[in-house]
Structures are given as C-alpha cells and as structure tokens.
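Enquirer: What follows is each chain in one-letter form.
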Amino acid sequence: MTGKKVLRTFTEKLGKTTLRGVEELGYSLALLVESFYWLLFGFRRSQAVKPPSIFAQMMHIGIHALPIVTILAFAIGMMLAIQGIATLKTFGAESQVVLGIALSVTREFSPLIIGILVAGRSGSALAARIGTMQIAQEIDALRVIGISPVRYLVTPAMIAMLIMLPALTFFADIIALLGGGIYSSLELGMSLQAYADRTIEVLKVEDITQGLYKSLVFAVIITLVSFVNGFSVTAGAEGVGKATTRSVVLSITYIIIADMVFTFFLTH
Amino acid sequence: MSKQADPQTQAAIEVEDLVTHYGTTRILDHVHMHVNTGEIMVIMGGSGSGKSTLLRYMLGLHKATSGSIKLLGHDITKINSQEMDHLRKNMGVSFQGGALFNSMTVGENVCLPLREHTNLDENTIQIMGRMKLSVVNLGGFDDLMPAQLSGGMIKRAALARAIVMDPKLLFFDEPSAGLDPVAAAELDDLILRIRKALNTTIVVVTHDLDSTFRIADRITVLDKGKILMIGTVEEVKNSDNERIQSLLNREARHVEINADEYLKELTGQKE
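Protein chains in written order, with our numbering: chain V, 927 to 1194; chain L, 3 to 273.
Do not take every clue at face value.
If you only want the chain V side, here are some residues facing chain L, beta carbon under 10 Å, derived [as the list claims (entries may be wrong)]:
id : residue
1  : Gly-929
2  : Lys-931
3  : Arg-934
4  : Glu-938
5  : Gly-947
6  : Val-948
7  : Glu-949
8  : Tyr-953
9  : Val-959
10 : Leu-966
11 : Arg-1047
12 : Ala-1051
13 : Arg-1055
14 : Ile-1065
15 : Ser-1074
Rather than coming from a laboratory, the hints here were simulated on the basis of the structure. Yeah, the Cβ is synthetic: ideal placement off N, Cα and C, and Gly gets one too.
Produce the entire structure from the sequences given, and follow the hints as far as they go.
Expert: Next comes the structure, spelled out in structure tokens:
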C-alpha cells in the first residue's frame, strides 16, 4: 500500500471509531436518563420498578462478591504496607506508612481496584446476559408484551450498582486498612491498636467520601457500558463473547480515565 | 384485493402505503394490506422478501419511513408510547425461536404478562397460567426451565404466553420452523382452535406451504419488499404470476449469467 493510502485508511478508521464512540456516548446518556425516568415515573405508566428485581441484582453484584473483595482488599492493604515500608525506610520515615496506607487505600486503590473487579465480574455477567437475551429475541419479546426493557433490566441493575459499589468500596477500605495494619504492626513493632488509633487520627472524612464519590461514577460507567454493548449484539454466540470482552475492556479503561480526571480535580 | 369494510368485519389491521428502510436501503415498498377481524392472514414470500420485516413493523418494533399501520383502529405510527403499551395488552406474539425468558420457568414465562398488566392475586394468575398451558398441551410442565424443553414444547409455551391475556391480535413468526411435520400440524390445529374459540385475528409469517394452505383464510405474497398478490388460498394457487408459481412449486430461481461479467469476476477484473 502506498503511503497516501495508508494515511487515508488510518484517517477513515479514526473517523469511523470516533463516530461510533460519539454515537455510543449519546446512546449511553439516553439510557441513563431513561433508567431514572422509569425509577421516578414508572408507576404512572403502570410500570413501576419492582424492588425484588433491585434486590436480586444487589445480591449478585454485592453480597456474592464479598469473599473475593475480602481477599483482594486484604492483599492490597498488605501490598501497600510492604511497598510503603520498604520505600520509606530509605528516608527513615517508616512511621509515615500509616498515613500513606490510609490515604492511598481510601482515596485511590480501594475504589479503583473494586471498580475494576466489579467491572470484570458483574459487568461481564450483565453484558453476556443481555447479549444472549438480545440474540434470542427476548428483548423484542419484552417490548411486545409491553414491558420496557430499560425499566425491567437497566434500572434495577443501575440502582443496585449505585448502592453496592460504594458499599463494597467502603468494606474494602476497612479490610485493606486491616491488611496494611497487620503487616505494619508486625514489621514496625507497633500494636494493632496503635495502628488503628493513628489511622483514625490521620484520616479525614473527605478522604473516604472522595473514594465513595468515585465509586458512584464507576457504577454508572460499568452499568451503561455493559448494557450498551449487550444491546448491540447482532451475531450469535461469538458476538456475545466479543461484546462481553469489549464491555469489560471499555469499562476498565473508562474507570481508569475517570479516576485520573477525578483525582486531578480533587487535588487542585 | 381487500374486502369492503363492513361493520361486522371491520379491518383489525390496516397497513397503508408502508415504506421502510434499513440504513439507506429500502426494504418495504408501498405495502398495502388489510386483515379482517377473526381472519387468519398468512404472509408468504421467499427469503429476503421482507415478510419478517413487515411483521416487525406491525409489532411496533421499528419506526417506518412513511405510511401508516392501524391496529384495532389505532395508528401505531402516530400514538405515544403510553397508548402503545395499552394496545400491547391486546397483542400476543410468538417469535421464531419462542423467545422464552431463559432465566424463568415455563410457568413464570406464561404468567409474566398477567403479573405486569393486571392486579390479579397470585393464585388467580397461577390458575390462568396453568389453564393456558393445558390449552397448548403443556399441562404440568410449568416448573421446567426453557432449556429443558424440546423445540415443539418451546413453541407451544411461547404460544401459551402469547394468549394468556386473551388478546384480540395474535402474531406468529415462522411457527413451524424447526418442527417435525407432526408437531407443525399440531401447532396448526392449535392456531385454528384458538381462532375458533376467541375469534382472534391472526397473522402468520411463514414459508411452510403445507401449514399455509391448512390455516390461511387469505395469503399475502411478498417479493423484494413489494406485494405481489393478496388473495384466498385458491386465488393464490391459481395465479398466473411466474414468481408466485415458482414459490408454490419450490422451483429454484434461474440466475441469468452474463458470460463477459462472469469472466471478469473470475479473473478479478470486476471493480
């Protein structure tokens, strides 16, 4: 291929990808607005969002994830403590590790890692389920019965995600701090009680709430990306697999970018 | 070909001058069609003729480019979504693969429209669900999951769900697809019995000729998005339209080959 053709093909591809991206963004925002429309006004059209459907999603997203969240959070806390102490040793400032662990867990690592975990676990499950329903015409079936697919599928998942992701993040905060504490107390010879006191001393409420606001944004990202990709499946089983993969990769990418943007604005 | 509308057989479905597109490609081209109350209308045509598309537009799943579609007197191209929801209570649809919700049992599938649209108590809902399941000869199967059913059973369960609200309009997309001849014949009988019992207006999209001739009151023949003919079974059978006869006689299409074009294609010279 000549240089000119390569450049043209590249530009065309870039244009197409940008257009698709903008289309998806528009569609996602419309989905977000519609899901809240049904939550607030569904009862007027005899299509109220039913609490059992929200609870069912909360079980899947939150309660069933507790074991893995515990393990991950504990490991992260420990990892931060190990890394922190090793690094701060060169400055002789190991005692500062408590502050380091507390801030990096609550503000950054907990929301980010839990967001990525839930994107991989629940986001993929959502995208796969919706994609499978789409190719089996179950979404069409919902519509012809007179059930809005957004009200029936998206709203419960969105509400469940908005409740559970911050809850899991908060839970992870505690477990991670505990993990960090156990290692720190062993390595630095301080008691766990002293570690806990020091942690409470250095942590401000904003540190925790910053992390929780982030997890709210991540919850919206995961839900919208999963549904947009699930609804757009056209091919068979292979299409579902592709959409699921794309959903997880995009969710994680957007989470990390959002995290970066958030962190910038929260620290300036 | 449409009958004069008289008060007793007023058209339940009226498709007027329907034009639809998929992207920039025109799919349906000025389609006119009426279905009378209590009539079984079969929409027939080759692959790519637009028959499934026509059904999807009649179900209100897409927005047409132009034209109107009236169901029970309401123009669905103009009403708002709230009115459409209301209209849907009088419509039952059975999709090609059944489209049962795989996360629910058969019983829950059949009862879903009742749970969503009525304020009936749980007991009544379950009784009505079981009644409809026994109508389609699936009595006692309500606790099974769709994955545990055979193809024929899935179709019948989908039919039970479609009729659970005793709708005035019933739509079938390829009801006999994937069924052996006996199961297909049983489904045909069910369709006829339902129409007899409830005077339901029924639209069936199919390319199964045997079923068509058994159940149709009238047939709409589509080809490349246009209506070739609308008539009774006899009228269609006796039509002298070449395309219709080849459809009925299962003749392969003749593809005209241009020798020069073919040569260019083989040697990669075709642009």
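Enquirer: Against this structure, judge whether each hint is valid.
Expert: Each hint tested on the structure:
no., hint, verdict
1, Gly-929, "violated (23 Å)"
2, Lys-931, "violated (17 Å)"
3, Arg-934, "violated (18 Å)"
4, Glu-938, "violated (18 Å)"
5, Gly-947, "violated (19 Å)"
6, Val-948, "violated (18 Å)"
7, Glu-949, "violated (14 Å)"
8, Tyr-953, "violated (16 Å)"
9, Val-959, "violated (15 Å)"
10, Leu-966, "violated (16 Å)"
11, Arg-1047, "violated (18 Å)"
12, Ala-1051, "violated (12 Å)"
13, Arg-1055, "holds (8 Å)"
14, Ile-1065, "holds (9 Å)"
15, Ser-1074, "holds (8 Å)"
The earlier numbered hints that this structure contradicts are 1, 2, 3, 4, 5, 6, 7, 8, 9, 10, 11, 12.
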